[in-house]
Amino acid sequence: MADISTLAALSGNIATVGYGLAAIGPAIGVGIVVGKTIEGVARQPELAGRLQVLMYIGIAFTEALAFIGIAVGFIFV
1 MADISTLAAL
11 SGNIATVGYG
21 LAAIGPAIGV
31 GIVVGKTIEG
41 VARQPELAGR
51 LQVLMYIGIA
61 FTEALAFIGI
71 AVGFIFV
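For what it's worth, the UniProt record's numbering labels the leading residue of the sequence shown as 1, then goes sequentially.
Calculated from the structure, these hints are not laboratory results.
Here a beta-carbon is modelled for each residue, glycine too, at the ideal position from N, C-alpha and C.
Certain hints may be false.
Said to hold, decoys possible - Label pairs and their calculated CB-CB ranges: (1) PHE74 <-> GLU46: 21 to 29 Å; (2) GLN44 <-> GLY18: 18 to 26 Å; (3) ILE32 <-> ILE68: 13 to 21 Å; (4) ILE14 <-> LEU47: 19 to 27 Å; (5) ILE14 <-> ILE57: 32 to 40 Å; (6) ARG43 <-> ILE75: 40 to 48 Å; (7) ALA23 <-> TYR56: 15 to 23 Å.
Whenever a hint applies, use it, and build me the whole structure from the sequences.
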């Protein structure tokens, strides 16, 4: 039978892997947002300022998912 310290270490390792997996989604999302912004600026350079503001808002919402992922890790561990 496993002792308490082994179970605690296993639980901590699973939480770390879980956050790593939770961070993949926002990373992909930020890449898509930035890529589409670059594409939009290439199509209409006069809208670069507006697109940049919208890009930062999109990045903020996407990164909120990463913060939720780390908060869940702290709450449930």
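Hints, verified against the model:
For the hinted restraint 21 to 29 Å between PHE74 and GLU46, the CB-CB distance of approximately 45 Å leaves it violated. Distance hint check for GLN44 and GLY18: the Cβ-Cβ separation is about 41 Å, which falls outside the suggested range of 18 to 26 Å. The given range of 13 to 21 Å is respected by ILE32 and ILE68, whose C-beta atoms sit roughly 19 Å from each other. Checked against the hint of 19 to 27 Å, the C-beta distance between ILE14 and LEU47 comes to roughly 45 Å, which is inconsistent with it.
Evaluation of the 32 to 40 Å hint for ILE14 and ILE57 yields a pass: the beta carbon distance comes to about 34 Å. Separated by about 43 Å at the C-beta atoms, ARG43 and ILE75 satisfy the suggested range of 40 to 48 Å. ALA23 and TYR56 have their C-beta atoms about 19 Å apart, which keeps the hinted 15 to 23 Å range intact.
Checked against the numbered hints listed earlier, the structure breaks hints 1, 2, 4; every other hint is satisfied.
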